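Novice: Each chain is listed here by its residues.
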Amino acid sequence: MGFVSITAVIIRIIFELKLADIVINVTAGGPGGATDTVSSFIYREYRDRSNVGYGTMLAVFYLVLIIIFVTLLLNFAARWMRKVA
Amino acid sequence: MATYAPSLLGVLRLRYRPKRIFGRVLIYSALLLWTFICLFPIYWTISTSFKVAVDVTHGHLIPWLDFQPSWKGWRSLGLSPDTIGEISNPREEFLQRFENSIVASVGASLVACTIGSLAAYGLNRFKYKFGPWRNKDISFFFLSQLILPPVVLALPFLVLYRELALLDTKVGLILVYTLMVLPIVIWVMRDQFAAIPTELEEAAFIDGASVWGAFFRIVVPIALPGMVASFILSVILCWNEYFFASLLTSTDAKTLPVMVASQTGSQGIDWWSMAALSSAAIAPLVFIGIFLERYIVKGLTAGAVK
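Residue numbers (this note's numbering), protein chains in the order written: chain A, 1 to 85; chain B, 1 to 306.
Everything labelled a hint here was simulated from the structure, so no lab data went into it. Honestly, I wouldn't trust all of these hints.
To be verified - Calculated pairs, DSS-like style, for lysine-lysine (alpha carbon to alpha carbon, straight line, at most 30 Å):
hint	chain 1	residue 1	chain 2	residue 2
1	B	170	A	18
2	B	127	B	298
3	B	19	A	18
4	B	136	B	298
5	A	83	B	136
6	A	18	B	136
As the list claims (entries may be wrong) - Ranges of calculated distance between the beta carbons of each label pair, as one might list FRET restraints:
hint	chain 1	residue 1	chain 2	residue 2	range
7	A	49	B	54	36 to 42 Å
8	B	93	A	9	39 to 45 Å
9	B	82	A	9	47 to 53 Å
Here the structure is a predicted model, which means the values were calculated and not measured. Cβ atoms here follow ideal geometry from the backbone N, Cα and C, with glycine treated the same way.
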């Protein structure tokens with residue numbers, strides 16, 4: 001039960017890091033960028049404002065951040081599971 | 001949880017019965033609340049498609065008590081009973097987008113299930129070595145594609161598709177969607193194949209079957225429920241995909257989510273027609289959910305938790 005929950009939570013975290021389409025359609029970044037996620041900000045940066053270079057740079061940097069974060073998260077979860085099991 | 005220990009524990013359990021009933025009521029009310037939270041937006045969408053402007057802005061919710069249902073939204077889409085026989089441009093467009101969505105999602109799911117099953121079977125039954133990487137690392141590599149946010153790939157894909165003349169084509173959509181659902185298919189199918197004992201194939205080998213023969217005649221029929229589950233899962237994911245569709249399609253291969261999102265016109269939003277469009281767009285998934293839910297759950301849980 002605990003393991004399944006942890007897996008589910010991790011999957012949700014990873015999926016929500018990619019959230020863009022709902023934000024773009026519902027608020028379009030909202031009042032002055034208040035509701036932007038990173039993904040929707042990058043998308044609007046190179047789609048609406050045509051800042052292609054800045055947008056792709058952000059995208060790559062975001063990817064690096066996500067890789068670091070997810071690696072830490074997975075390691076932590078694996079260690080925790082080993083300790084409990 | 002349900003351990004039926006004799007005597008003392010049983011007596012204790014009988015004594016604490018009211019507490020158990022209370023707990024059960026608590027669980028069921030929580031579940032009911034969650035069901036309501038999940039289903040209310042769908043009810044709202046469907047009921048909005050039968051409202052006129054006043055009812056939408058005043059937030060009337062209960063038909064016949066609060067507001068008088070009308071076919072307004074469905075009429076603007078050409079799908080109401082009195083307009084279904086006539087020629088209607090919105091309906092034509094809707095049907096074309098519908099077809100695009102079906103072709104893209106079913107096509108991508110078929111390709112992904114084929115490739116994904118083969119990959120999952122290989123990862124499960126054979127030992128690979130690629131530099132320092134073993135099977136475990138290779139499957140993690142496949143799974144890690146899930147982590148990749150689509151925005152990172154969006155612009156390269158746009159440039160690539162322009163060069164390959166795949167922009168605004170169904171083939172292009174199928175290829176992107178295949179890439180998108182492949183990790184999930186491999187993930188589900190790997191658990192499926194792991195649940196099948198190797199002895200079955202060994203018996204087939206002894207009877208003279210080749211690796212492919214054993215795979216197609218023995219393994220695939222057993223793993224079919226899981227395959228169907230992963231197929232349905234990927235169809236659902238592709239059907240709901242908006243990001244790549246909005247980026248890579250414009251007129252010919254536009255899918256339903258993009259069409260729904262593009263209803264926001266310059267003179268405000270026609271909530272009723274947008275709601276009718278959304279209801280029509282989720283209808284196939286609702287049918288899939290109701291009729292095939294059994295297969296999805298069975299396929300996903302087999303082998304996953306043992």
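Novice: Failing hints, ascending?
Specialist: Number 3 - this is the single hint that the structure violates.
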